[in-house]
Amino acid sequence: MCLGVPGRVIEVKGWIATVDFFGVQRQVSLQVVDEPVAPGDYVLNHVGFAIRRIPEDEIGETLALYEQLIELAERDDLMAEDVRGELAATKSGGGAE
Amino acid sequence: MSRDGRRIEMRHGAGGPAMRELVGSLFARGAPMGIEGGVGLGALDDGAALRLGERWLVFTTDGHVIDPPFFPGGDIGRLAVCGAVNDLAVMGATDVLGLSLAVVVEEGYAHADLERIQASIEAACREADTRVLTGDTKVMRRGEIDGVVLTTSAIGLVREGGDPVRDAGLRPEDEILVTGTIGDHGMAVMTRRHDLSVGAGDGELLSDVAPLNGLIAAALAAGGPAVVAMKDPTRGGVASALHEMAQKSGVGVVLEEERLPVRPAVRAACELLGIDPLQVANEGKALLGVRPEASDAVLAALHAHPLGKHARRIGRCTATRVGSLILDTGFGRRLVTESEGELLPRIC
Amino acid sequence: MNDAARSPLSFRDPARARRLLDALAHLCAGRESDPLALMHVCGSHEQAIARFGLRDVLPKGLDLFMGPGCPVCVTDAPEIDEAVRLARAGIRVTTYGDMLRVPGSDVSLAELGGEGAPVEVVYSVAQAVELARTSDEEWVFFSTGFETTAVATAAVLLDDPPANFSVLSAHKYIPPAMEIVLEMPGSRVEGFLAAGHAATITGWGVFEPFVARHGRPVVVAGFEPLDILAGLVELARLARAGEARVVNAFPRCVTREGNRRAQDQLWRVFERVGGRWRGIARVPNGNLRLRPEWSAWDARRRHASVLSGRVARAALPARAPCRCGEIMAGLARPTDCALFGRECQPHQPVGACMVSSEGTCRIWHQYGGRPDLGDAE
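Residue numbers (our numbering), protein chains in the order written: chain R, 1 to 97; chain P, 1001 to 1348; chain X, 2001 to 2377.
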């Protein structure tokens, strides 16, 4: 069951989107995704259904999160309160709506 | 009366270990490795090499059952010519004297389709600077065969003073070169079968089917005897071809994933279908094993030829892990296996 | 040539991976003789780990293994037998490719040969519905997969399905299986890496009660190499610090609440019931069945006359040396099984783990049987 690479929406016609995965296009159903999807958006796809719209600014945030995880791991002792708070904020509210 | 209840399965035609086992234990059983220093059936190489006076004559045969017979970038006719020409080319026989063509066609098959196929055969022969010398035609009743099956045999000569290039000549430190992008043919056929619509331009998935004798001649002119092994990665892809070369040569091979030339559309299609590009058939590519001191010259010769623009150095041979193919992914290493069965049935 | 690596959506930068691996090694230092035991529950995670060669470079102090993350592998024989009975009765059965070769108590769907109606492989449930529209015959979609895949089945049923179409649901729900695994004797899991795509639907909040009950951390991770490594770094850190929390390391796709719309559709169509998972025994609330309101499209009700009668037994224990059950529970490795790679291979599987593309044994075999390359060069 291929979970698919995130793809870019080319066209939306009713509940069906044409999504481009690096040059290969597939039709994907929008019945399940919980946000309106427009051409240019990126979506996560599973067995022919878009299950999540991926906000593009999330990518930068995810990479920043990974940097923080590295820093935390390199620390031997307990984290400082402020770093813990920062991390919690990134994790819980992750999806910018 | 045999009590052997075994049946032939699709994997016996997949180009991988099951097929080699079948051929080795049945069709090639007892066959000599070579006759008077040549290359015989027992070597299970891309062709056989026989001494003809001062020159080496190479002889090969190929069956073609591809489905669909017309695919993006080519058809069964082009494939039949290029398959045989390329088998000769990777043995070093780049001067193709001619082909035989046996056609078995189903009752009811469209004459217009045979015309298209013949036009492709003629065009491919012109590109390879060769011709069909002889042939045979048979018709089977509707339903007894699927469409059309072509069998081509070819004879060619190795350049004067040259020896046949086997697939068993690799040594540790030798470098592995590929003449261009991998996975094109198999994925082009897959998109037809799985109804993946493809974008225009660079996103298009086309078979790479092409005659390689001109390209290989250029590589051999540059590298001479430093080109120690060659094979064309058809069914089973680069993975099968390199496994065979490594096993026969008694070396291990390490490939670097970052260096593999894969077109973005092929990579995307592979991701979507969960297929490894290394296991996908190619019909216009060759793998060359080259001594390290000559690889720059050979690479330059490949780049100078229209069919070799994307040639790359993709790996090297090792003395350890003999017979294994390892991929360095950039993160870590893993083994590359041959696909067990028919990843892509009737791909050639 | 590697467009995928340049894309901002792909997390495959080897330099960042190197730093994450260093961080992971730092966290696992000192555990070489008693490795940190972390479990993931997703075939796609195992595939990504094997494919990118990650096992080759994971630190010696870390033992990362797969649990019951293959929905096909845990589909028990009685469910296969139901599909077989329907096909034998002349009903058109469609299913995902992997299901064809999973053994029932008698035969697998692939072994029916000419008996009954031909079984058709589909790539999506939508394709199964399209097929049902092409004829007046009765069509049944033998539906497998975890909750992410069940969402697709639910969506199709909510979208005016044809009357001659019904679903034989063998869908499974993962969180209860994680609980069972912890309760098994010999289990030594110190933390879980949860599947990012399932969590996109369910939200990471579903793991909070689990973590509170069992005191083990859960980290939700995506499927790119950086996602997996970052998830492992955070999980290792939490496990070593003894912190039982849920952390979302896949924030670009997963939120605490998840996809409410998908959940709504899922629970309108399906309900959770207890049942057997092949090799793992009974998992309370681990099976998804159609709610009574959907009986017209529930193959078990629609075709009750075909399926009634002798109740199928659970699968006979597989040939004694087969260790699928232990492998699926994360208690053994494929290489611990004497049949692996010998009598048991993809073209002649003995156990379910070798049948499915998401099965631990099949994945390991695909990568040469030794994803960590075994002995050093």
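Check before you lean on any hint, since a few could be wrong.
[Claimed, not checked] A few chain P residues facing chain R, derived, Cβ under 8 Å:
{"#": "1", "residue": "P1172"}
{"#": "2", "residue": "A1221"}
{"#": "3", "residue": "A1268"}
{"#": "4", "residue": "L1272"}
The set of hints was computed from the structure by calculation and includes no laboratory data. Every residue gets a Cβ at the ideal spot worked out from N, C-alpha and C, and that includes glycine.
Outcome of the hint check:
{"no.": "1", "hint": "P1172", "in the structure": "violated (37 Å)"}
{"no.": "2", "hint": "A1221", "in the structure": "violated (36 Å)"}
{"no.": "3", "hint": "A1268", "in the structure": "holds (4 Å)"}
{"no.": "4", "hint": "L1272", "in the structure": "holds (6 Å)"}
This entry does not satisfy hints 1 and 2, going by the numbered hints stated previously.
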